[in-house]
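Chains as they are written, first to last, in my numbering: chain A, 1 to 678; chain B, 1 to 194; chain C, 1 to 300.
Please keep in mind that the hints were generated in silico from the structure rather than gathered at the bench. Hints may be right or wrong, so weigh each one.
As a list, the in silico SDA-like pairs of lysine to any residue whose alpha-carbon atoms are at most 25 Å apart [said to hold, decoys possible]:
1) B:K35 x A:A444
2) A:K458 x B:C48
3) B:K152 x C:E229
4) C:K59 x B:K152
5) B:K180 x C:D115
6) B:K36 x A:E462
7) B:K174 x B:K152
8) A:K534 x A:E577
9) C:K29 x B:K180
10) C:K141 x C:E229
11) C:K198 x C:I225
12) B:K182 x C:D115
13) C:K168 x B:E32
14) C:K42 x B:E32
15) A:K655 x A:E81
16) B:K36 x C:K119
17) C:K198 x C:V147
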Amino acid sequence: MVETKNEPRIGVFLCHCGTNIAGSINIEEVKNYAKTLDGVVIADEYQYMCSTPGQSKIIDAINENNLNGVVVAACSPRLHEPTFRMATQEGGLNQFRFEMANIRDQNSWVHMHDLEGATEKAKDQVLIAVAKARMLEDLQPKSVPVEHAALVLGAGVGGMQAALDLANAGIKTYLVEKLPTIGGRMSQLDKTFPTLDCSQCILTPKMVDVGRHPLIELRTYTEVEKVEGYIGNFTITLRHKARGVLDPDQAAARAAATGILGTGCNGCGDCDAVCPVIKPNPFEMGMAPRKAIYIYHAQVMPLQYTIDFDACVKCGLCVDACGSEKNAIDLEAVDTFEEIKVGTCILAIGFDLIPIEEKREWGYKQYDNVITGLEFERLICASGPTVGHLIRPSDGKTPMKIGFVLCAGSRDNTGGVNKAYCSRFCCMYSLKHAHQIMEKIPGAVPYLFYMDIRSFGKMYEEFYYRIQNEGAKFIRGRVANILEDPITKNLIVNTEDTLLGRPVAMEMDMVVLAAAVQPKPEAEHIRQMFGVSKSQDGWLLEAHPKLNPCGTTTAGIYLAGVCQGPKDIPDTVAQAEGAASAASIPIHMGEVQLEPYFAMCMEDLCAGCGMCLNQCPYGALDLIEKNGRTVMEVTEAKCKGCGTCGGFCPGGAIKMQHFTSPQICAQIDAFLLKGGVN
Amino acid sequence: MAKVKEYGNAELEEKLRDTSYYTDDSNPQFLEDVKKISRTAANMCFQCGTCTGSCPSAPRSSYRIRLFMRKGVLGLEKEALNDPDLWLCTTCYSCTDRCPRDLAPTDVIMAMRNLAFKFDIVPRNFLKTVQLIYNSGHGVPNNDVNRAARVKLGLPADPPTTHSYPEFIPGIQKIMDFYKMKENADRILSEGEH
Amino acid sequence: MAGNMRQYAFFLGCIAPNRYPGCEAAAIKTSAKLGIELLPLKGAGCCPAPGAFGAIDLKVWYALAARNIVLAEEMKMDITLICNGCYKSIWEVNHILKHNDELRDGVNEVLAEVDMEFKGSIDVWHLIELYYDKKVCGVEKVRDSVVRPLTGTKIAAHYGCHLLKPKKERHFGDTDNPMWFEALIEALGAESVQYRNKMQCCGAGGGVRGYDLTHSLDITNEKLINLEEVGADALTEVCPFCQLQYDRGQVEIEEKFGKKYGLPVLHYNELLGLAQGMTPQELALDLHAIDCTPFLEKIR
Chain A
1 MVETKNEPRI GVFLCHCGTN IAGSINIEEV KNYAKTLDGV VIADEYQYMC
51 STPGQSKIID AINENNLNGV VVAACSPRLH EPTFRMATQE GGLNQFRFEM
101 ANIRDQNSWV HMHDLEGATE KAKDQVLIAV AKARMLEDLQ PKSVPVEHAA
151 LVLGAGVGGM QAALDLANAG IKTYLVEKLP TIGGRMSQLD KTFPTLDCSQ
201 CILTPKMVDV GRHPLIELRT YTEVEKVEGY IGNFTITLRH KARGVLDPDQ
251 AAARAAATGI LGTGCNGCGD CDAVCPVIKP NPFEMGMAPR KAIYIYHAQV
301 MPLQYTIDFD ACVKCGLCVD ACGSEKNAID LEAVDTFEEI KVGTCILAIG
351 FDLIPIEEKR EWGYKQYDNV ITGLEFERLI CASGPTVGHL IRPSDGKTPM
401 KIGFVLCAGS RDNTGGVNKA YCSRFCCMYS LKHAHQIMEK IPGAVPYLFY
451 MDIRSFGKMY EEFYYRIQNE GAKFIRGRVA NILEDPITKN LIVNTEDTLL
501 GRPVAMEMDM VVLAAAVQPK PEAEHIRQMF GVSKSQDGWL LEAHPKLNPC
551 GTTTAGIYLA GVCQGPKDIP DTVAQAEGAA SAASIPIHMG EVQLEPYFAM
601 CMEDLCAGCG MCLNQCPYGA LDLIEKNGRT VMEVTEAKCK GCGTCGGFCP
651 GGAIKMQHFT SPQICAQIDA FLLKGGVN
Chain B
1 MAKVKEYGNA ELEEKLRDTS YYTDDSNPQF LEDVKKISRT AANMCFQCGT
51 CTGSCPSAPR SSYRIRLFMR KGVLGLEKEA LNDPDLWLCT TCYSCTDRCP
101 RDLAPTDVIM AMRNLAFKFD IVPRNFLKTV QLIYNSGHGV PNNDVNRAAR
151 VKLGLPADPP TTHSYPEFIP GIQKIMDFYK MKENADRILS EGEH
Chain C
1 MAGNMRQYAF FLGCIAPNRY PGCEAAAIKT SAKLGIELLP LKGAGCCPAP
51 GAFGAIDLKV WYALAARNIV LAEEMKMDIT LICNGCYKSI WEVNHILKHN
101 DELRDGVNEV LAEVDMEFKG SIDVWHLIEL YYDKKVCGVE KVRDSVVRPL
151 TGTKIAAHYG CHLLKPKKER HFGDTDNPMW FEALIEALGA ESVQYRNKMQ
201 CCGAGGGVRG YDLTHSLDIT NEKLINLEEV GADALTEVCP FCQLQYDRGQ
251 VEIEEKFGKK YGLPVLHYNE LLGLAQGMTP QELALDLHAI DCTPFLEKIR
């Protein structure tokens, strides 16, 4: 057998992608061109290169032609690089002896109507890919062990479900929640559509399961301070916000450490009774008071009081009320920190309503009787501030005509507080609100002002039918504005009945705005810590909208619930289970393979100046002593192969594997000189 | 917008008439009456337009059966009943066959016509049918040309209906009188002749 | 009559006996050859007209239709009829009153005034469905009764609305493109011709013919255009009111719109009569507004 190791023998394979590529590019012409390129020993094409016969062509060609480099000109590497690498490997080559030219996304799709231009461009793309393929080297992926623990950030229904799934799969799971209790938005809801289950009734058992699961480490009133590491080996620093109240475990730890006795908080509420400071309770959307020492509601998990130190006057009455036996209150508490190690993380950080008061035309916070859907939930809820009696804020009377403004800020391209997207659950909860009104207030009539009723889920359209049948009125028209009768405080809703083709001015006793949802304000900081992108609309970005909806582009970080985009409870729980499954895979595998695109120090060229260390965004570089010299060393598991150090190194001592300077220069030369050099 | 203008000028007030729909324009009983007479759940219309799309009268007129469904849901009684388009339904039932909500828009129209009659709103040709049936038992009675033709065919000059058995006519009249139908038809027709 | 004849009370309605008596004569004679004996329903009146009369007060419509049904109940005989409008009134009221106690009680309250009671003891049939029904007659039997096949003619079917629709309350199935009527046409030796928008309404119903004749005729004219397009020699239907609209309507269309078609329009029983050897005179085809001669010449 002829020694061919250093002599390039490249195979070029062109994919038609049905008509996606072949419809706009002359494949035959590009193939013939490829055959003329230096080092190319075979050029072939196929209708679907990714199919089994297509891959067989590659495998057979490697063996028959003794190839040492493979170029596939097809779709995006993001879609099929792994596919063709596998084929390359099956053909007996190192999988990194493969280069891809994206002649679909970056060529045929954008030059759909320019066959000639697209064909020329495809030739250039193949030329460039071949130039690199001639210089490819064997590389070995790096295996790293995976920490047998996971983090779930956010303990709403999505986070709780993900944590339960992970824990039930035998993985120690840290469930971190910013608020003093788990439960999230769902615990604020009265009933859930379309089944009309009581939200608390189906949620509370799950909260209890979370609280007592031996593998769930619950961290409430806690935020993520810092994220370090990579898939398999994240080090997360948690900030336990000063709560001022010790739970029994913390009290026991204190006794052991300091000898101060006390059994800790048992949720008796004696402190609450004596606290003189009154603040609005955000759980009740500010419609009910709480004290400076408080719990959100009766079903909190854990049942442990919290001091709002921004409000607390440190009068000490609560300490006395708590008494020496429990001795649970510590008015001098400060934030503490905890470092945890996990293999994978799930972000389930939820959503907020938009500040709907900024839509001035609808009068929220101008008119007493305009409320939001979430406020309605609390007002209609038996455990809410009015014990379930829906009343008008202006005079406490029972409203008989209630308007529901759908798409309040959703599907609105005007920017700012407005959102271009559909918030996806407002139609359904407004239908549910309509039902609740008719159920609770005899003779009351709900009027739903809508553009479309989007009742897409299982049994949702049937629910819509049911509510219409119960007597709800539907006006197809987006509400232009709402005016208040200055005397009665009734509201005049102006829109067009687009089905009638007439302006509408309907007097309502109360109006409920189905406000759009938006990402949490802290989502931006969190996503930066975890290295997650966001989509145009601000929500956290999934790895692929269809084929990887739970993953992110950062390995080991997964998404669940509305933080990835608006979704209702069933979809949130489904995505949470998907994210938990995905997050458990690396943990159960025990190790992960990292792509070997690391920076590599060529020690004989390294001067040990250390200037690269500060350039590295990932802290992957260190200076070490080796053979009596100071040289740089790369921690491969931390290195993301970004190339910052390689481009910066004054001595040219850092080699970026798979993206070496000679490889890149060869590509540039090939393009500029049209293959004129070797 | 102020509903009452008091400009003292009828033409001006009509030109500038407030076309808005207000809640108090609605008579909820109208929808209930329509449902009862039509025996269909008229409140369940979701305004898809399949009915108008199926309607042979729609393309050649301003008649939109979907709009009548809408006015029923909104309780716009006067508007629906005073609309001359109400009488353009040929009752072909194509809309009823295709309605995705399994409603019978045709029967809603029939119900609205029944309700219109209670307000004396009804085209004259409908009333004339009432009078003919009351007097002869037939909406399209026999005539001499036809009698001659029947005889030529070997049929009796008058068919074996109320035409041959006029003793049945009082029964028909009793039934119609029970509902004061003839009385109302006569009154409306005579008022129209003034 | 032979003992194997099925007997029905023949509900005539208005237009057949009083405008197209040939339909009445043909129905009686042709049915006899198919084992169906039609007996007079003495004292019957208007069905009454479902659109023109029902539009005013459905309660009276129920009661007057019920009166006609009770006449047949007293004969202990099912009703058959040859008009879709009559079918709508008589079949539907019979059906509704059988299934709706509240309405039936209301109707019986009125009928008591004339010493009648709706019992729900009989069924109502359109004669055409008896012809198609194998248990009663069937297409084969119709074919076997033909002595003068209508060979060489292209005949279009008009089903009419009130026979088939609303389909959820009827038993005829498909109302968008049914083919059973065509089978009965072909049984006579004719070619049944398909045309655009076959199921469109004649335009006469619902009182529209009386209310806005121009509007009504514009609907009628649409079908005539579609029939001209495929070169139909005749249109056949099973409803004298549709027949009136297409037959006399052509005269009115010529007057109003200046369009002339000369398309013969025959009730299926008239066609069947011709195929069974009846003469045009026996069918009073001279009473038709549109001259049937061109069609008759084709089958001579």
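We went through each hint and held it up to the structure:
1. B:K35 x A:A444: The hint holds at about 20 Å.
2. A:K458 x B:C48: It holds: about 21 Å lies between the C-alpha atoms, which stays within 25 Å.
3. B:K152 x C:E229: Violated, at roughly 37 Å.
4. C:K59 x B:K152: Violated. C:K59 to B:K152 sits at ~39 Å, over the 25 Å cutoff.
5. B:K180 x C:D115: holds (19 Å)
6. B:K36 x A:E462: holds (24 Å)
7. B:K174 x B:K152: Violated. B:K174 to B:K152 sits at ~35 Å, over the 25 Å cutoff.
8. A:K534 x A:E577: holds (22 Å)
9. C:K29 x B:K180: Outside the cut-off at roughly 41 Å; violated.
10. C:K141 x C:E229: At roughly 33 Å apart (the allowed maximum being 25 Å), C:E229 and C:K141 break the hint.
11. C:K198 x C:I225: holds (12 Å)
12. B:K182 x C:D115: holds (21 Å)
13. C:K168 x B:E32: holds (23 Å)
14. C:K42 x B:E32: Judged against 25 Å, a Cα distance of about 40 Å means the pair is violated.
15. A:K655 x A:E81: Roughly 23 Å separates the two Cα atoms, so the pair holds.
16. B:K36 x C:K119: Given that 25 Å is the threshold and the Cα spacing comes to 24 Å, the pair holds.
17. C:K198 x C:V147: Not satisfied, since the Cα-Cα distance of roughly 29 Å exceeds 25 Å.
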